Amino acid sequence: MPKETLLELKDLHTHFFTDNGEIPAVNGVSFSLDKGEIVGIVGESGCGKSVTSLSVMQLVPNPPGKIVGGAINFKDENIVNAAQKRMKQIRGNEIGMIFQEPMTSLNPLFTIGNQLIEAIRFHRKISKKEARQESVDLLKLVGIPRAEGVIDEYPHQLSGGMRQRVMIAMAMSCDPDILIADEPTTALDVTIQAQILDIMRDLNRERDTAILLITHDLGVVAELCERVIVMYAGEVVEEGSVREILKDPQHPYTKGLIRSLPTLHGDDQKLYSIPGTVPKPGMKKAGCQFAPRCEFAFDRCFKEEPELYELGKSRTSRCFLYDKKEGDAAKHAESTFGS
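Residues in the sequence shown are numbered from 768 upward in steps of one, following the numbering used here.
Just so you know, not all the hints are guaranteed correct.
Have a look at the derived ranges for each label pair, beta carbon to beta carbon [unchecked claim]: (1) T772 - G836: 42 to 50 Å; (2) I893 - G813: 37 to 45 Å; (3) K1037 - K896: 34 to 42 Å; (4) K896 - Q924: 21 to 29 Å.
Keeping only pairs whose Cα atoms sit at most 20 Å apart, straight-line, the calculated EDC-like set for lysine to aspartate or glutamate is [stated by the list, open to error]: (5) K1052 - E1077; (6) K777 - E973; (7) K802 - E771; (8) K1022 - E1011; (9) K802 - E973; (10) K1022 - E993; (11) K1052 - E1071; (12) K1080 - D942; (13) K892 - D942; (14) K892 - D904; (15) K895 - E868; (16) K896 - D919.
The hints are simulated quantities; they were obtained by calculation from the structure and are not laboratory data. These numbers were taken from a predicted model, which means no experiment stands behind them. From the three backbone atoms N, C-alpha and C, an ideal C-beta is built for every residue, glycine too.
Using the sequences and the hints given, assemble the complete structure.
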């Protein structure tokens, strides 16, 4: 039985208009998210993954940012040009979002309860007393002890992990179909990270909530996700199941990311690092954006921009090594990545 597609991005372009010119932060991104699925978007800082999630929610600050092309289909409705009234119905009610830094996302002047109750009553016609009880239940759901007391406390009185749990409770307050989590475990210690991931996994299983996880941590992706999208310089460079990507990466950038992970084998060699640096936004050059850092690059890579090549069912890679017309390059790919 085919799964229901809740969210589909088609050739999305989000640009920032600055004094230094037009900067393409998201450059032709396409992917889908099915009901109950957990998908990870990974990449280095500045690759466009957070701007992609903010574009879905229409939260890119305008000016200077603007969606200049493509479609964002939510339940078959293109919401790129949706009115603010419609987006207010969608945000929180149908698509929830956990922001990267809970201390700046929670208002320091209001109690946890005030902020949860406001979020619930904005979308649902229930009494303040009912909303308060539901807020307590949500805090218990995300594993906060003494929820009846925490609801009357202020954000600064809670630890980072507790604040992140409050953000998850707020995002889930209206039982949304999709939860977008932007670096939900950043700056948390590994024990709290594991607890936050467990909460998200439980919400996915119990409520069939689809989750779009934005992260730079491949360990988190391996722990939680079913499918992964790798981004570089505003573009999707590889997509596939987590098992396929981690076991057999097909794009040189993904291969470099995985090689840079520490291992438990105990060797004292330095960690591998991808040579060069990520191109600055707006510094787009001809050809493949990763070519200057790629050990497998050849002449064509510096002249033409590769498309996303189909490598199998739900598996793609933006690399000329997989262009069947390239002949020798395809053989080189097989020998390089197949070994």
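Hints and how they fare:
Restraint check, T772 to G836: a C-beta distance of roughly 21 Å breaks the suggested window 42 to 50 Å. Separated by about 42 Å at the C-beta atoms, I893 and G813 satisfy the suggested range of 37 to 45 Å. Against the hinted window of 34 to 42 Å, the Cβ-Cβ separation of K1037 and K896 comes to about 60 Å, which falls outside the hint. Checked against the hint of 21 to 29 Å, the pair K896 and Q924 passes, with Cβ atoms roughly 24 Å apart.
As the CA atoms of K1052 and E1077 are separated by approximately 24 Å, the hinted pair breaks the 20 Å bound. Simply put, K777 and E973 have alpha-carbon atoms about 30 Å apart, too far for the 20 Å limit, and the pair is violated. With a C-alpha separation of about 6 Å, the suggested pair K802 and E771 falls inside the 20 Å cut-off, and the hint holds. Using a Cα cut-off of 20 Å, the hinted pair K1022 and E1011 holds, with the two alpha carbons roughly 12 Å apart.
Annotation: proposed proximity of K802 to E973 holds, straight-line Cα distance about 13 Å (limit 20 Å). For the suggested pair K1022 and E993, the alpha carbons sit about 19 Å apart, so the restraint of at most 20 Å is met. Restraint check: the Cα-Cα separation between K1052 and E1071 comes to about 10 Å, which is no more than 20 Å; the hinted pair holds. Between the alpha carbons of K1080 and D942 the distance comes to roughly 32 Å, so the proposed pair goes past 20 Å and is violated.
The straight-line distance between the Cα atoms of K892 and D942 is roughly 15 Å, inside the 20 Å bound, and the hint therefore holds. A threshold of 20 Å between alpha carbons decides the hint, and for K892 with D904 the separation of about 18 Å falls inside it, so the pair holds. Straight-line distance between C-alpha atoms of K895 and E868 comes to about 28 Å, which puts the hinted pair past the 20 Å bound. Taking the CA atoms of K896 and D919, the gap is near 14 Å; set against the 20 Å cutoff, the hint holds.
Of the numbered hints listed earlier, those contradicted by the structure are 1, 3, 5, 6, 12, 15.
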